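Protein chains in written order, with this note's numbering: chain G, 558 to 959; chain F, 544 to 831; chain L, 1108 to 1351; chain P, 536 to 846; chain V, 21 to 275.
None of these hints come from the bench; they were simulated from the model.
Here the structure is a predicted model, which means the values were calculated and not measured.
Worth double-checking, as some hints may not be accurate.
Taking beta-carbon pairs under 10 Å as the criterion, some of the chain L residues facing chain V (in silico) [to be verified]:
| # | residue |
| --- | --- |
| 1 | Asn1148 |
| 2 | Glu1274 |
| 3 | Gly1298 |
| 4 | Arg1339 |
| 5 | Glu1340 |
Ideal Cβ positions, reconstructed from N, Cα and C, are used throughout, including at glycine.
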Amino acid sequence: MNRRTALKAVIAAVFAGSLASLAIGAAHAADPIRIGAVAPKTGPLAAGAAVTHWPNIQLWAHQVNEQGGLKMKDGTRRKVEIIEYDDRTNPGETIKAVQRLATQDKVDFILAPYGTGLNLAAAPIFAKYGYPQITSTSITDKTAELTKRYPSIFFTLGTTTALANSVAGILVKLHNEGKIGNKVAMVNVADAFGIELAESARPIFKDAGLEIVFDKSYPLGTQDLSPIVKGAKAANPDAFVAWSYPPDTFGLTAQAKIEGLDTKAFYTAVATAFPVYLAKFGKSVNGVLGAGGVNPDTPAMKAYYAAHKKVTGKDADYWASPVMYATLQVLGQAIEAVGTDRKAVTDYIKNATFKTVMGPWKFTNQSIHDFWTVGQWQNGTFYGVASTGLSGAKPVITKTGW
Amino acid sequence: MDILITGVLLGATYSLIAMGLTLQYGVARIMNLANGEMLVAGAFGAFWVFTTQKLSPFTSVAFVAPGAFVLNWLIYRFLLRPLVRRAKNRGMLEVDSILATFGMAFAFVGIMLLVFGGEYFTYSYLDEPVAIFGSPFGLNRVVACLVSVALCGLLYLGLNATRTGMALRAVAVDPAAAGLVAIDVPRMSTFAFALGGAVTAVGGIVLSTFLTMDASIGIVFTMKALIIVIMGGVGDVRGAIIASLILGLAETAVASLIDPGLTLAAAYLLFLLVLLFRPEGLFGRRQS
Amino acid sequence: MAESTALDVQGVSKRFGGLLAVDDLSFAVRENEVLGLIGPNGSGKTTVMNLISGLLKPNGGEIFLGDRKISDRPARIIARAGVARTFQLVRILPSLTVLENVIAGAVFGHKRLWGRAVRQFALRQLERVGMGHAVDAPTASLTYIDEKRVELARALASDPRILLLDEWLAGLNPTELQIGIDLISSLREEGRTIILVEHVMDAIRSLCDRCVVMNSGAKIAEGTPEQTLADREVIRAYLGDEHA
Amino acid sequence: MTRRETVSVAMVAVALAILACLPFLVDGYLLSLAVGIAMYTVLATSWALFSGPTHYISLATAAFYGLGAYVVAAGVDVIPYAVLLGLAGIAGGVVAALVGLATLRLSGVYFVIFTLGLAELVRQIVTWVQNNLTGSRGMYVLTEITERMIFWELLALAAAVYLIGWLVTRSRLGFALRIIGNDEVVAAHVGINSAASKLALFVISGTFAGTVGAVMAPRFTYIEPSIAFSPELSFQVVIMALLGGVHRLWGPLVGVIPFTILWEVIAGRFPTQTVLLLGIAFLLIVYLIPNGVVGRIESAIKLAGRSVKHG
Amino acid sequence: MLECRNLSVSYGHHRALDNIAVHIAPGEIVVILGANGAGKSTLLQAIAGLVPASDGGQILLDGKSIKNLPPHLIVEAGLALVPEGRRIFGDLTVLENLVLGAYAERARPTEKDNLGRALTLFPRLAERRRQIARTMSGGEQQMVAIGRAMMSAPSILMLDEPSLGLSPILCTELFKALAEIRKTGAGILLVEQNARQGLAIADRGYLLENGRIVGEGSAVSLAGDPAVQKAYLGGVAGGTGRAWPLTPTKPSIAT
């Protein structure tokens, strides 16, 4: 046998071996609670997941296992074992990976995937096998229809309408206080989430008496945003609102600084709450508004940020990170309360009240209705300044230049 | 005027993305789908220097450029040359290199994920306005434009005024005939591929001062580079530069005058139109 | 009219960038005639062939096949009208077998056969050019001269009225050349009209009824081979003194 | 039809019938794997119908596929699903026709890159229309269609692809395409209308890709441009088809199956290093199976034949 | 001095060259005659390193083995090939083509002289030095190809059917140029279908058939041999309408 055939034989053997083990699945003793996680490690959404999704899973599993595991009803402690799959930001892969976790790996629970699209793609599978799907990173206005359709799906991050409403509310408030005029320049990234938000915002802004003086979209992946910012600036607005995604949130902010777009209210959506946003722009971010926000002053939140930094080596963001962590807490507490029976866990989540880093959570119609909608950078921290019924909001300040 | 300057700045950005691929595809005849990953790796080098060493990101050229050169040299020598050898004609090599470099792109993303992690890397450098004809422009973009001009100028001179450059062009035109005039074709191809990789990585350094990147984003740059190289005409540095400028100006004009939502659509439309009227690209030669 | 015109080239010009490759060229080919198109390298002979076969479109002038104007038609229409050709640099279809190469000529063009009929017809053409032994051979095994024969068989498979041969006899040794010349004469005897571009003087002398001599894209002489080859200008531009 | 052909047709029919029973036997993960294989089989085979003989490497699959998915997403609430499937096919075909008219005269790599850009172009236009004209708020496809039904639909499409492919190979059109793939100048000079022939096949493959997109849309529930028009899909189709071999009708199939399983094994066994290992596996395939699986099989058959003769 | 001993080349199972022995001295013109497919081009390609030679044989240039070296090293050793189909760099100018001819280290010291000589030999190239080579006519391109080969200061120049497709007047010019080149002391190995003109300028010749040398002798004796006359020089009219023979008539020559 020459080297080439030998190599091929080895490959064939590995291939056959792994195929066999794939079919048999991992059916070893279920001492730890086995939890599957599917989310992008590569592809367009991977960078976002690397900030808000994966580190929290790492943190939570670390904390649970460090204290010996989840404390079950019968007093025993069971550790958790996380089985991770990369769906490469491809819904077909998400579906397959969830199927694999459910039917081959036969895990006890599966964490909700990352992002609106991937979560909805996987929802029928979660529903079919009765796995609770506590989403932390999906925002949709179809909550009512979806929860009716999928009895085990839960929404926690909010709705596009609520986000748009709050932004309008803040702008109107600042306007009424005489701090800004009523002219708004609005831009959005031409991708599902950006389109939805812009679409929600238009009538809301109008009804609130705000005048939209500039309204343009730009494609995802635009490499030079200066024409947008120039255009917005030329419209001479009092407020700038961008329904943006991570790369363009950075790009728009950088460009606004360069062009001197000095509106007293400056809002960018996703990723404004990322620590890297502060790291990149430093002090000049003071007063920037963005999607999300937290109340970082509660002891629970303080502990969370400290632990996150210590365990994962990175700072958590100020929007989806703690929400994601909270969904893990919900799952953990439900398991501790009723065990690993998925039906019971689902029912428990629907009815019980949970103590989370976000404060007490109680689901109604499988959704959390009290959530932060707008945050603002104030002295190096991204405080929640508007919410749908949460307490602890900081007063909004106006931005004073870059 | 604003549109013109913004367009030129964007065009310069694009030429940084595409210049390396022009060498790799034009001379070494490898349509390198892993080109964007090399750019991201270069960008990460700059990010690392800036955030951990607190140095100007441009100092990373010192290790990124030679590093990328050596890495690409090895890639060509050990991974691509076997394909060149076994290809019976140019079409086969094209298919094989598309497939192989597509696999490499995957592998590189995996490696970068291991080494850099999956987050966005973005930082602020020269992120300040500089006035040109009374309008503010990002200093980092202006610097990028200057670097691009310098790089393109060097490449153009190198290819047209030196003996090695002439040999590179000879290999691009007809590798078999190049061997007959004592040009060591495999070596020249390897050199062109390695040089292209280094140029791409340096481009990544410059771009990282104003673009947000992550480990998976390379494909975006690869696509843009491919379009520019094809639009300009395979293997022609001038063509790639002109195509970059045209794209930059067109995108900016559409964004400023019509609708920013249509910029990329306009870019692809332009690409189509160019190919319709000049199927061999702006400066390309018709295959006889 | 005893001899009708098969092909009429009227004032045709072709420009490549700044280069005028064919300059206001006119000539006519009669039915059942062998016309030699000769001239120095780069004088535009192959370009004329390409203009007739429709591979190129003229910038000016017209070409008629009988009464039908073909200079504005694509190559496939011209082929269907009964014009077939061989190429200066042989164009064999490499991934097809020898027989399939020939069948290709008989399916889509002037002759439109399919199924068993086309196979038999193609076999006959192959035998005719002396390639009957290599019917199922892969094309990679063919020598240069065999490729030329297959290409001619493909052209014949369309049963063309007009056959364009572009240096088909080049590179043959004297024995092969003689057989080639015989073959072309037999084609003429079948009633086909043939235009050949050649440098081989023996072939031109023995085959052509008339010659058109080109230089720098323009016609410098036309007439019987004897007349044209004795023309002073032809000798100066093309033949050189030794051949005079 | 010769006897041999009758036998092969019968065998294919039986195989399809057996496969149609598959959803009653397996469920869940294996079914979703089967759906993946069926999807790529249809896409890769219809791709190879065009690209195999002509050597035009099209990376436009995602454009047609995404368009099909969007047709369903746009109309699912107002138009019956079956009609939408047809509309999606037509949309794919029409766009393929338009694109083909414009680009099929491009040669080699120019065509490759244009089709790569096409998915992006269509995606940009669809997005812009969605953003500015329809004003729709996200694209949901909420239907009662199960994975099982999707599998059957794909199976029916696969049967259709094979039927059309078989008919094309036997026809003048198929022969014309082989000639075009060898030498377009010769094709023109033997009287072939290259543009029309290529266009016909390109439209067929576009129609299939559009229909597949429509079939798959209900599976994703929520359609995003970045997902519907993912360039990865186009590449995978090309790679699977080439891996199998494009000169036989069944070639892509023998590429799709091992490839899907191999990727599945890697994704399942090495979840944290998936992409790295996929890349490496891919390189190994390119280096070790240069002529595709079909090439391997055929040379094995030849070898066996020779040893029989000698032995 | 170029010398090949027992040189063989195989394509798969097909033996294209079988135990060939040829030699060319400086200042000598040697012509190789043979039917199409006899292996003439293969011989030149094997010597130039473009196709691999089988084990066993030898190719020696001035006593040093150049067998199976990569093509660029063979040029460096002093052997230049004008290949069939010319293979000039179409997108480069005439001057660039010529200068590239002197890319070999051995040619660089005398680059200026060689350029001067090439331009004197082909005055047309001097006129058109800035022209893009692909826009020139076939004959002019042939001049570029020969000039380019001369630029490498070869001790042996090999030409593969240089007269193919050239008009009679250019053929004459070409063969005059070859005679001029010989005067510089280079040996010339010529594969030529135009046997009459080839033999007219050659000193010696070989007959190649089915990959073997079947005849060898001085140009004068070959030209006078009736079998050679019949097979390669023409003039013997054949009858009409006979079938195409599978192999050309065999010449047989005692050497």
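Tested hints:
Here the hint on Asn1148 of chain L is kept, as its CB sits about 4 Å from the closest CB of chain V, short of 10 Å. The beta carbon of Glu1274 of chain L comes within 6 Å of a beta carbon in chain V, closer than 10 Å, and the hint placing it at the interface holds. For Gly1298 of chain L, the interface hint is violated, the least distance from its beta-carbon to any beta-carbon of chain V being 16 Å, above 10 Å. Hint status for Arg1339 of chain L: violated, given a least beta-carbon distance of 13 Å to chain V, over 10 Å.
For Glu1340 of chain L, the interface hint is violated, the least distance from its beta-carbon to any beta-carbon of chain V being 12 Å, above 10 Å.
Hints 3, 4 and 5, counting from the list given before, are not met by this structure.
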